[in-house]
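**Student:** Full structure from sequences and hints, please.
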Amino acid sequence: MRQTEGTAGARILAFGGYQPARVVTNDELAATVDTNDEWIRSRVGIASRRIAGPDETVADMAVQAGGKALAASGLSPEDIDLVIVATCTPEAQIPNTAATVARRLGINAPGAYDMNAACAGFCYALANANDAVRTGTAGNVLVIGAEKLSQWIDWTDRSTCIIFADGAGAVVVSPVADADEAGIGPVVWGSAGDMADKIYIPDRDGFIIQEGQAVFRWATTALHPVAKKACERAGVDPTELAAFVPHQANLRIVEAIARKIGAPQALVADDIVTAGNTSSASIPLALSRMLERGELASGAPVLLLGFGAGICYAGQVIKVP
Amino acid sequence: MAMTDQEILTGLGEIVDEVAGVPADQVTPEKTFVDDLDIDSLSMVEIAVAAQDKFGVEIPDDQLKDLKTVQDVIDYVRRTAVSA
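Chains as they are written, first to last, in the numbering used here: chain E, 5 to 325; chain P, 411 to 494.
The hints are simulated quantities; they were obtained by calculation from the structure and are not laboratory data. Be aware that a few hints might be false.
[Unchecked claim] For each label pair, taking beta carbons as the anchor points, the in silico distance ranges come out as: (1) Asp435(P) with Gln155(E): 42 to 52 Å; (2) Pro439(P) with Arg297(E): 29 to 39 Å; (3) Asp198(E) with Pro439(P): 31 to 41 Å.
[Said to hold, decoys possible] Facing chain P, according to a computed beta carbon distance under 7 Å, are these residues of chain E, among others: (4) Arg107; (5) Gln217; (6) Phe220; (7) Arg221; (8) Thr225.
Where a beta carbon is used, it is the ideal one built from N, C-alpha and C, also for glycine.
**Tutor:** Dropping the structure here:
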């Protein structure tokens, strides 16, 4: 059977991020649950988070972030032929988010699917996009991580309502003619289904339940080898990394992993401080904000590491567009 | 080979310094982690993980909650290392 003709590699052309307007401070939460600003800052590293409006949907946020990435890429909607939305909080099981988002962005009839690897979702979706471009299955791919976690939170549960938030981040992935120009390294991914009960939503009317201490122990012991392996597979030594952008789960987890990867020179993303934990959106959102602030040079190698419910995890090295 | 209390204390001091930034010389047997050394539950998990690497002794979460003082950890490590 005839097969698609592949390309030499793929790279990220542009980023886009979106945060809802409403800022929720720790003091605001402390007015309704038994907590305080100092405790939240010291345990999870969050000072404030953004929460979507009651009528603002995951698709709305995905369109905002995707539209920005598309505009920044210089491509037209008709250049995109695959749209992947990483989300674990879609408005409904059907229809999926991706097809709706594509239509609203004027992208005509692309392949479109949602993917759920929770907080690892963006790294999984980016790996899928990279493979689709490399094998010639897709020309240009729009990858979006978008979440409205606020609608799956028990706002009387002080262990979770202080952590989770809303937002979206996106990238455009495109082919390169020469392998030297490739900007997305091989993914290192995996899962630990034996820990499925550590972060879960019990039923359709339920809320996120998390065993924080067990997740913390797992994240601070199991992930730095994954991160190092992603560097090794990309042929990038950790000491060459310009930045480390892990899922913004908890600043203490971020810092603990960062200490163990052997990259003291790398800028470590701390977007959680003002964005909260936005699951699959956190990595592209953090990166888009770092780029906006001019913190990363074009071509610089950056290590991404997603991890969360499932338990699922994935990491890869990318080059800054 | 069995570790002495002093060896465990020295190793534990290094861990607490690295994880929580508390100088090793402040880590003395009678101190409590939470009240005297100002170490919270997440740092205790990190200390348990580092202790596993250093001493080869696993301290699960359900045991960790009972280890209040530096001496408690020393006793746990010595006891568990011997029986392992």
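**Student:** Evaluate each hint against the coordinates.
**Tutor:** Against the structure, the hints:
1. Distance hint check for Asp435(P) and Gln155(E): the Cβ-Cβ separation is about 50 Å, which falls inside the suggested range of 42 to 52 Å.
2. Against the hinted window of 29 to 39 Å, the Cβ-Cβ separation of Pro439(P) and Arg297(E) comes to about 47 Å, which falls outside the hint.
3. Separation of Asp198(E) from Pro439(P) is about 37 Å and conforms to the stated range, judged on CB atoms against 31 to 41 Å.
4. Checking Arg107(E) against chain P by beta carbon gives a least distance of about 44 Å; that is not within 7 Å, so the hint is violated.
5. With a least beta-carbon distance of about 6 Å to chain P, the hint placing Gln217(E) at the interface is held under the 7 Å criterion.
6. Among the interface hints, the one on Phe220(E) holds; its C-beta lies about 5 Å from the nearest C-beta in chain P, closer than the 7 Å criterion.
7. For Arg221(E), the shortest C-beta to C-beta distance to chain P is roughly 5 Å, which falls under 7 Å, so the interface hint holds.
8. Proximity of Thr225(E) to chain P holds as hinted, the smallest CB-CB distance being about 5 Å (cut-off 7 Å).
Going through the hint list in order, the structure does not satisfy hints 2 and 4.
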